[in-house]
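Since the structure of chain A is provided, determine the placement of chains B, C and D on it from the hints.
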Amino acid sequence: MTAAVESVRTLTLREVGPAERGTRPDEVVIALSPAFGEPFTKTIVDVPHAEVIRQLLAGIEERGGSARIIKVYRTADLAAIAHFGAKLSGSGIAVGVLSRGTTVLHQRDLARLSNLELFPQAPLLDAEVFRMIGANAAQYAQGQSPRPVPTRNDQMARPRWQAKAALLHLKEFECIDHARAAVEVEPVITRVD
Amino acid sequence: MTAVAPRSESAVHTSKRTAILEDRPVNLDGFVEEWPEKGLVAMESDYDPQPSVRVEDGRIVELDGRTRDAFDFMDTYIADHAIDVETCEAAVATPSVEIARMLVDPRTSRDEIVALGRGLTPAKILDVVKLMNVVEIMMGIQKTRSRRTPANQAHSTSAKDNPIQVAADAAEAAVRGFAELETTLGVLRYAPLVAIGLQVGGQTGRGGVLTQCALEEATELDLGMRGITAYAETISIYGTESVFVDGDDTPWSKAFLASAYASRGIKMRFTSGTGSEVQMGNAEGRSMLYLEIRCILMAKGAGVQGLQNGSISCIGVPGAVPGGIRAVAAENLVASWMDLECASGNDQSFSHSPMRRTSRLLPQMLPGTDFVCSGYSGVPNKDNMFAGSNLDTEDYDDWNVIQRDMQVDGGLRHVREDVILQVRNKAARAMQAVFAELDLPAITDEEVEAATYADSSDDYPDRDVLADLEGAKSVMDRGITGLDLVKVLERTGFGDVAENYLQVLRQRVSGDLLQTAAIFTGDFVPLAAINDANDYAGPGTGYRLSGERWEELKKLRHVTSAENPEEEVV
Amino acid sequence: MTSDVSELTPADYPLSINRPDLLRTPTGKALGDITMAGVVSGEVTNEDLRVTPDTLVMQGQIAESVGRRQLGENCRRAAEMTAIPDEEVLAMYNALRPNASTAAQLEEIASRLEGTYSASTCAALVREAAQVYAARTLLAEEDS
Amino acid sequence: MALVIGVDIGNSTTEACLAEVAQGAVHRLASSLTPTTGVKGTPANTAGAVTAVRRALDAAGRPSDALATVLLNEATPVISGLAMETITETIITESTMIGHNPDTPGGEGLGVGTTVALGEVGDVEAGVPVVVVVGAGADFDDVAEALNRAVDRGVDVVAAVMHGDDAVLVVNRLRRRVPVVDEVAAVDRVPLGMLAAVEVAPPGRTIRTLSDSYGLASTFDLDAEQTRQVSPVARALSGNRSAVVVRTPAGDVTDRRIPVGTLTLSGSGRSLDVGVDGGAEAIMEAIGRVAPLDDVHGEAGTHVGGMLATVRDTMTDVTGQPASEIRIRDVLAVDTLVPAAVRGGLAGEVSRENAVALAAMVRTSRSRMQAVAGAISAELGCETVIGGVEGEVAVRGALTTPGSAVPIAIIDMGGGSTDAALLDRDGSVSAVHVAGAGELVTKLIDSELGLEDREAAESVKRHPLAKVESFFHVRHEDGTVQFFTTPLPPHVFARVVTVTPEGLAAVPVRSSLEEVRRVRREAKRRVFVVNALRALAQVAPQGSLRLLGSVVLLGGSALDFEIPAMVADALAPHGVVCGIGNVHGTEGPRNAVAAGLVDAHAGTAAGPAPERLQRQVAS
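Protein chains in written order, with this note's numbering: chain A, 1 to 193; chain B, 1001 to 1570; chain C, 2001 to 2144; chain D, 3001 to 3619.
Be aware that one or more of the hints could be misleading.
[As the list claims (entries may be wrong)] Simulated pairs of lysine-lysine, DSSO-like, Cα-Cα distance not exceeding 30 Å:
1. Lys1487/B to Lys1473/B
2. Lys164/A to Lys1016/B
3. Lys1160/B to Lys1473/B
4. Lys171/A to Lys87/A
5. Lys3467/D to Lys87/A
6. Lys1487/B to Lys2029/C
7. Lys1555/B to Lys1382/B
8. Lys1130/B to Lys171/A
9. Lys42/A to Lys171/A
10. Lys1160/B to Lys1382/B
11. Lys1473/B to Lys1382/B
12. Lys42/A to Lys164/A
13. Lys3467/D to Lys1473/B
14. Lys1130/B to Lys164/A
15. Lys87/A to Lys42/A
16. Lys1382/B to Lys164/A
17. Lys1487/B to Lys1160/B
It should be emphasised that the hints constitute simulated quantities derived from the structure, not laboratory data.
One chain only, chain A, in its complex shape (with noise of 0.2 Å):
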């Protein structure tokens, strides 16, 4: 099921006001890393950021749910993107996303380090992945228990994606603005024909 796209489609993310507390119980909060979007525009393997943002959207809204999405400038560490989105999160589910596409899915009682699905081999997730972890967030919301998306694993993931991963590390790094409040965002995802 990929989604074969062929029509390329951009992602700018339109700010709306600082990243507040939701209320809606059923809502999945998507919380993206400093240099997500803007300086970089897809991920370690080229999954357009446009397209990630769109699959999980999607999986939020196949499952029924709602989805906000909130941009973190205080840190790159992805336990505390994503846990920083599950407390701001109405159902205290979060997502979190780093620019190099890895992703987990969090709650707001864990501890930071624990998690409800990791994904860490960035260089392994595409748009099905993408679309399969919302449609988990959204049940993990309405309080079912979705079966976790299937984990892949690649030995020879090292040798070719260890090192841009430490360098794509060290970008996201530089883009943390400590002088920065999180604040919420609203996709605008235009097709490039």
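Positioned in the frame of chain A, the structure of chains B, C and D alone reads:
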């Protein structure tokens, strides 16, 4: 999946030759540009500190440009525990180029250069090794390696955590020559049965092989204290304070743990490696090698006998930057020079390219280290639960040929098929007897047969995992120890295996395996950097591959007989 | 029983081969008593397969005789630790992790090491850690 | 004064009771428990028996050379075999319907039109009602746009069928909402150009039109004969939230019984054939008619035949007795449902098919306990005596339960078989073994919940359930709520879990707690309660449970959290007092046989010594 997909095609039309080159496995590896400001650089960085040291009232008050009030805990630990206060000022004042030459020059003895090293600071050590090219680094390893006789270590694991497979592959690895065997688990609860498999199999293959099971601290120590395993290795340390704290440890907690192992008579080494700090995003702007040198000095200061280094699980990071593999060789040199046992990496999947895998190996294999691989996968890589090694069972014959080509001892040997089948079968039968005697889920004759001829976990009948896990729990609940296993083996007709195992346990009493780089010979003589200290002093000295051992390594699977060219040497 | 042994040298190593006369198990057996016959008859027990503090001190001397000062110190700390039960060793290790203990808790461990187990070298290591942790803000919050 | 030890070799555990015996007085010192090695009643038992003896000696701190006598039970080998056969199947021909239940269909209502591929929708004339068929790889935004464009052009798009899990997404983007069924894996096999109906019910409801024969008739304009033919379609779709029906010339859906072989039952000088596809009730009824059973054969070349042959072969291997001499003495048949993929389905449709589970039990007359006794004597260097049949000795042990009195009956519920015995006022003992026990319960739970995970099924069987409602509280199956101060582990979040001594373990199902609980209790009832009644009826005077008096439950399953209560409830209407054994007031339901052996040896237990009473019901 994505890792094996070809690179995206460029729009430009390419030549046939380019197409062939594009398809070469080396182009599936990842390479990145350096970024020294952030520590994404192997060993040559303008952002590393300059060497300096100052002593006041018998205490180091300045280290590599920082005064004591600005020390982080790594500086403090190294200044107070690793560096000799009496000699450091003079040592650091010695020109780096002179020290580098002493490392290479055969006329400077190991004792002399090791003694000088005791007074050096991390930045000074870096300053010295930066002057050395990779051949000089190999010269240095050849001389400073602590044990005279090189050795090797194997991984024996199973994708299904099948204890019979682990036993059979451990037996084969032992008979092929590995001095140490390491295992770990997919399902942690399987640990007791797999650790028993490793020990029973190992002692069947060759008496005196030392075994280890990588787990979280409490269980690993427990299995060690029961005598089911013989040593420990996966005690990680890091080169910056922030990463050390992220790992939930400090130099003091790790030093305490080192003493805890020794107090139970268990051999232990730390683990560190280049790239881990930058991988975690907290390199504090230092080069990978500078941070690794801090780890090496921290280990030395803790009084642990040895260190596993050579990037280890972060090898993809130094492997992707210029000069990275030179830096990896340099970290092995520094560990050896600091008088620690060095288990020198080559233990993780490193490259898609067979040629590159080999070249990464030579700086350790050619000069010889205490353990050239830490470890070599004694199972097919798909069964390797340490996420794959640089070498696996498919490479056994290549390794043996390289040893013979270069007349270098990499710790292994070619073993005839009948001998391998015999030890694999015996290991599986010994496990069958042990399981039966301990009321563990039965091992069938079919499984023994499979273990004798198998390659991977796919070749074994599936075990009843639930029953096995209950059995594993009962091993812990009943307090079964190594001594119980010795009794069972003796009672069930595996007297020689029992005797080998008892010899290993007996060494606890002597503490002989706590000395630097200690291993066991086949005759249960402890061989350490004391009674087998490296005495390399140039051509014609030190360990030489000759005599009986060289005759052994001349043997390969297929060698045409000179006497009768129509036949092969057996 | 072996405390009056003169300084050991590298020539004494391996003790299991060159100086078995110096070695005893925690129950006082000689190394030569650890035989298969002894195991089968039940005379050799798990308690016999442990290292004694005296032996650790001797191995420490050998290490120091070849210039390995820190390894010698580690052997001395280990000799002190032989008396501490397994669970308590692990508990102390966990207490030394960053942000795990208050200054008072670490001092309590140090006093216990010194008082109950006569482990002064270990106690010194814990006190030193407490000092560094205070300076680097790695102590646990005071109130809990 | 002599040190003796009673050893009871059971199907799954070997128990020992160590005691000092002097002039008829018994002073018990220790008991022990270890897994049985090998098949009960065979020389492989020696290892386990020796282990049990050594452990009891260790526990009492006695050396092994002080032991005077080992007392062994006469353990009759009992082997049980299990098989499960599906006896019905649903078949769809010519893809007339898609009856699966995607989690999230889109839209609501009924749409009837001609099937057309998404790519062709641009060519459809305005005004024609169409059902759009969307293949794999289509993006939801693109699909919605194409459908909106068609509608703008005047095409009457009434419904859609899709490959991907996109129905809600597409419907949310339509200007005119229509029902959409998604996750149809073989969407490319949906015939095009045919009349089709798509129905989606609101959340929480089920479809009304396509699941009703007359609804189908009016939708497709069928006559009376045609309506009769499509009734299986309607039946197959009932209970679904969404469905698609395509009218094709020869399409059909059938529900047929699969012949899986017959059982030939012989007993009471008669022989009866019964088809396994007749279901459990027919099988058990036939068994009742020929009781007591002498032997059972399965039809050669069928699964049932294969299963019974395996049981016989195993017994031949362990006893050395030829297969022709081995008799199957009991069979328990249980009806169950197993989820199975529908043949001919287009969306991986699953239907719950009927199945029969069988447990069979074999006994031999030829025990090899003498060989076990010899091996134990050699190993321990002391006398070994075989004493008493286990049913009888167990009754003696049970009688030491405080408050019990003759007449007394026992039920020992183990892993492979359920045993019953009765000690009558005249001192006579009757005993019986029947097939089916804990293993069968595990298998039923595993297949009915579709777990395919024996570890999880075992856990469901053994432990009560709870639902994790937040990281800080769970609701137990009895409705009580338990709070935690530290967060629960993430892998149990929002799940149905078993409450085990090691903590909470997630049950890998999507069913509700109530459903899991119902399956668990039904499985136990159909095996343990049925067997308890069946076995007791065989030992009861004149086969009447009313004449039993009291029943003591023994064995591992007597420690289960609900089985004793379920059995007691079933016995209560017969006026039977039923309770959990407490051997010697200290051992609980364990150790009855081992303790009974010692008592019999000392000659102190109630009633005469076992040698004098030998009335075996089922031998």
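Comparing the hints with the structure gives:
1. Lys1487/B to Lys1473/B: holds (20 Å)
2. Lys164/A to Lys1016/B: holds (29 Å)
3. Lys1160/B to Lys1473/B: holds (17 Å)
4. Lys171/A to Lys87/A: holds (26 Å)
5. Lys3467/D to Lys87/A: holds (24 Å)
6. Lys1487/B to Lys2029/C: This hinted pair holds, its Cα atoms lying about 19 Å apart.
7. Lys1555/B to Lys1382/B: holds (29 Å)
8. Lys1130/B to Lys171/A: holds (27 Å)
9. Lys42/A to Lys171/A: Holds: Lys42/A and Lys171/A sit about 13 Å apart, inside 30 Å.
10. Lys1160/B to Lys1382/B: Holds: Lys1160/B and Lys1382/B sit about 11 Å apart, inside 30 Å.
11. Lys1473/B to Lys1382/B: With Cα atoms ~27 Å apart, Lys1473/B and Lys1382/B stay inside 30 Å; holds.
12. Lys42/A to Lys164/A: Since the Cα atoms of Lys42/A and Lys164/A sit roughly 13 Å apart, the hinted pair holds (cutoff 30 Å).
13. Lys3467/D to Lys1473/B: holds (27 Å)
14. Lys1130/B to Lys164/A: holds (25 Å)
15. Lys87/A to Lys42/A: Holds, because 27 Å separates the two Cα atoms, which is no more than 30 Å.
16. Lys1382/B to Lys164/A: Given that 30 Å is the threshold and the Cα spacing comes to 24 Å, the pair holds.
17. Lys1487/B to Lys1160/B: OK: Lys1487/B and Lys1160/B at ~28 Å, within 30 Å.
Of the numbered hints listed earlier, not one is contradicted by the structure.
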